[in-house]
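So the sequences go chain by chain: A and B. For the first sequence, position 278 matches number 278 in the numbering used here, and the numbering has no gaps at all. For the second sequence, position 62 matches number 507 in the numbering used here, and the numbering has no gaps at all.
Worth flagging that the hints you see were computed from the coordinates, not collected in a lab. It should be emphasised that the depicted structure is a prediction, and the values quoted were computed from it without experimental measurement. Where hints are given, some of them may not hold.
Calculated lysine-lysine pairs in the DSS-like style (CA-CA distance at most 30 Å, straight line) [as the list claims (entries may be wrong)]:
#, chain 1, residue 1, chain 2, residue 2
1, A, Lys56, B, Lys518
2, B, Lys539, A, Lys292
3, B, Lys518, A, Lys124
4, B, Lys534, A, Lys444
5, A, Lys18, B, Lys539
6, A, Lys409, B, Lys534
7, A, Lys117, A, Lys90
8, A, Lys426, B, Lys539
9, B, Lys528, A, Lys444
10, B, Lys539, A, Lys246
Just some of the chain B residues that point at chain A, by a computed CB distance under 10 Å [as the list claims (entries may be wrong)]:
#, residue
11, Gly489
12, Arg529
13, Leu533
14, Lys534
We put the CB at the ideal spot given by N, CA and C, even for glycine.
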Amino acid sequence: MSNQQAVLRIPEVAPELKEVEVVPEAVVAGDHPTVLAMADSLSTMGISVTLIHPYKEIEEIVAHMRGLMEADEEVSKKYAFLCEKVAANKSIKVMSEATVDDVSGWWGNFSVGILQKGTSVTLKTSGIAVAYKGNPVLPEAFSAEGIKSFSDFLAQFDMRKGALKEATNPAKRVAFVLDVDGRDEKWASVTALRFGAYLKGFGSQVYILCRDFKVSVDDMEREYRLAREAGILIFKYRDYPRIEGKRIIFQDASAVSEKAPLDVVLDDVDAIVIQEKVVPSKGQEEFLGWLKIPQEGGFVGPNNPQFIGRTPKKGVVVAGDTWYPEYPTDGYVTALSAAAELYKWIGRGTYQVDIQRVAEVDPSKCATCLTCYRICPHDSIRIERYGERNVYITKGEKEGATWEAARVKVETCNGCGLCASECPAKAIQLVYYPDLEVLEFLEKT
Amino acid sequence: MGRNNPKIVAFCCEESGMPAYEHALSLGLELPDDLKVVALPCGGKAETGYIMKALDEGADAVMIFACYEGNCKYVRGNIRAEKRVNYLKERLEKIGLNPERIAFCPVAPASGVRFAELVRQEVEMLREDA
Ligand code: SF4
Ligand code: SF4
Chain A
1 MSNQQAVLRI
11 PEVAPELKEV
21 EVVPEAVVAG
31 DHPTVLAMAD
41 SLSTMGISVT
51 LIHPYKEIEE
61 IVAHMRGLME
71 ADEEVSKKYA
81 FLCEKVAANK
91 SIKVMSEATV
101 DDVSGWWGNF
111 SVGILQKGTS
121 VTLKTSGIAV
131 AYKGNPVLPE
141 AFSAEGIKSF
151 SDFLAQFDMR
161 KGALKEATNP
171 AKRVAFVLDV
181 DGRDEKWASV
191 TALRFGAYLK
201 GFGSQVYILC
211 RDFKVSVDDM
221 EREYRLAREA
231 GILIFKYRDY
241 PRIEGKRIIF
251 QDASAVSEKA
261 PLDVVLDDVD
271 AIVIQEKVVP
281 SKGQEEFLGW
291 LKIPQEGGFV
301 GPNNPQFIGR
311 TPKKGVVVAG
321 DTWYPEYPTD
331 GYVTALSAAA
341 ELYKWIGRGT
351 YQVDIQRVAE
361 VDPSKCATCL
371 TCYRICPHDS
381 IRIERYGERN
391 VYITKGEKEG
401 ATWEAARVKV
411 ETCNGCGLCA
421 SECPAKAIQL
431 VYYPDLEVLE
441 FLEKT
Chain B
446 MGRNNPKIVA
456 FCCEESGMPA
466 YEHALSLGLE
476 LPDDLKVVAL
486 PCGGKAETGY
496 IMKALDEGAD
506 AVMIFACYEG
516 NCKYVRGNIR
526 AEKRVNYLKE
536 RLEKIGLNPE
546 RIAFCPVAPA
556 SGVRFAELVR
566 QEVEMLREDA
């Protein structure tokens, strides 16, 4: 062995640049306070912004923030200031009492249908930034137990508020109950660990009850270790815990035998923190649906953990609960990265697209099966009319149109090759890396 | 062919598999010379045609090195690749071949050690299988 492997690298094809004009303008829409951060940031970068929100007054965006923010003076001050700044910024066009009704098009060429006080307007825009608020609901398991309101318990979203209150009058024993409905979510684990450690500092005994614990992400392992070292007790339960007054009863899943389950009883628990379920708002699901942006449980974040605020769709960014339920401090950072990401696509007036690093359809082979259309993560494929072979004619221009076939929009294609690898008719090739190169390399392996 | 030195084709995603391979080299880890490495823009580009062609041309095993779930730059490329591999494994089994000859291997870009280890395991498995 001498490490002399044959390697086929992706060919370095000299880029062939196509200049695409992009007007630096964006629509920022939603009811989450982070829309303010995105609008402000984009405007500072010289992009003309139209802010679309459902309230009568712009201040209400902040006023409707959940209790959590009130607890954190720093954060609420920051958003209040942003609100004033945006309201005073004459170059930001604010549309109040307005909701987005429909979205279509692609990067540089979106068309946004807006419903404002009963009238519809359509706006053309280059980029879109969205941030909706999710709706926290108590898990069904609890409703079944006859617990109806949040006030009996601290819900996850209000945890920080509660935790701060605790600082002056610390609860002796605090339990976090996570993974409601079998959902194992990072944000819940992180908050439990962080605030658990925080409360521990005031002398509380802290328990975390979960089904499974996500430690395999980002810097969770560190937080987990710190929490363990601080003396937080973490249990894995088998069935959902029963809560009777100040007592929690559950079966320890790490107990040795299935047949002799070990019942654990925690008595005198002063504060119980339940992981809320955050349900995406209706508008958000529709919005992402129009743009064919994949969601996981209604959020964009889990699909793109390492690209904060970005969606697979060029020119569309998200923050707030549309990204993922998170704290306003973290949410602020997400909003700024989202704005920066959008700037990259639409901020400079023109954009250069490398038309080598894309896929191309041979329309004479295409069977119009729509496989590529469904698969493309960037929504870059449309079924279009062609005139003669390879001669594309614009929509509506019926004359001479002989057949329809898939067509790759070079402006938005990222050259991943997913369409090419699934096309049953083998009608698609990557321009910069045709199949033939790979197949030849594989010969006489 | 000599099963002692089985031939392996590794399809490597540009975002994870390739950096992992390079990382293994930079660490000086041993990799068999009979390893052919093909860089692809995404693990999801490892087409059925590529995989079958490799086997057809004499590879003892085909490994697809892609990103972990949730890390794909193209959202679902890795999931597509994994599904495709599972489907092909079924097919291989049907025609009486060892399905382990195709492997889907998620790796992180900086996990040269894991890359080398997975290749070593595959080689070992093929030797035992011979
Ligand atoms: S997958 Fe292939 S055959 Fe089907 S629509 Fe796309 S290009 Fe045409
Ligand atoms: S190469 Fe990727 S981004 Fe481009 S059209 Fe095909 S699936 Fe879409």
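So, going through the hints one by one against the coordinates:
Proposed proximity of lysine 56 of chain A and lysine 518 of chain B is contradicted: the alpha carbons are some 39 Å apart, above 30 Å. Our distance criterion of 30 Å between C-alpha atoms is broken by lysine 539 of chain B and lysine 292 of chain A, whose separation comes to about 37 Å. Among the hinted pairs, lysine 518 of chain B with lysine 124 of chain A is consistent with the structure: their alpha-carbon atoms are about 28 Å apart, no more than 30 Å. For the suggested pair lysine 534 of chain B and lysine 444 of chain A, the alpha carbons sit about 22 Å apart, so the restraint of at most 30 Å is met.
Of the pairs offered as hints, the one joining lysine 18 of chain A and lysine 539 of chain B is violated, with about 49 Å between alpha carbons and a cut-off of 30 Å exceeded. Distance restraint check for lysine 409 of chain A and lysine 534 of chain B: the Cα-Cα separation of roughly 34 Å exceeds the 30 Å cut-off, and the hinted pair is therefore not satisfied. Of the pairs offered as hints, the one joining lysine 117 of chain A and lysine 90 of chain A holds, with about 22 Å between alpha carbons and a cut-off of 30 Å not exceeded. The hinted pair formed by lysine 426 of chain A and lysine 539 of chain B meets the criterion: a straight-line CA distance of about 25 Å does not exceed 30 Å.
For the hint linking lysine 528 of chain B to lysine 444 of chain A, the alpha-carbon distance of about 27 Å falls within 30 Å, and the restraint holds. A C-alpha spacing of about 58 Å is found between lysine 539 of chain B and lysine 246 of chain A, which places the hinted pair above 30 Å, so the restraint is violated. With a least beta-carbon distance of about 5 Å to chain A, the hint placing glycine 489 of chain B at the interface is held under the 10 Å criterion. Below 10 Å, beta-carbon pairs count as interface contacts, and arginine 529 of chain B has one with chain A at about 8 Å; its hint therefore holds.
Because the smallest distance between the Cβ of leucine 533 of chain B and any Cβ of chain A comes to about 13 Å, over 10 Å, the interface hint for this residue is violated. Nearest Cβ of chain A to the Cβ of lysine 534 of chain B: about 17 Å, over the 10 Å cut. The hint is violated.
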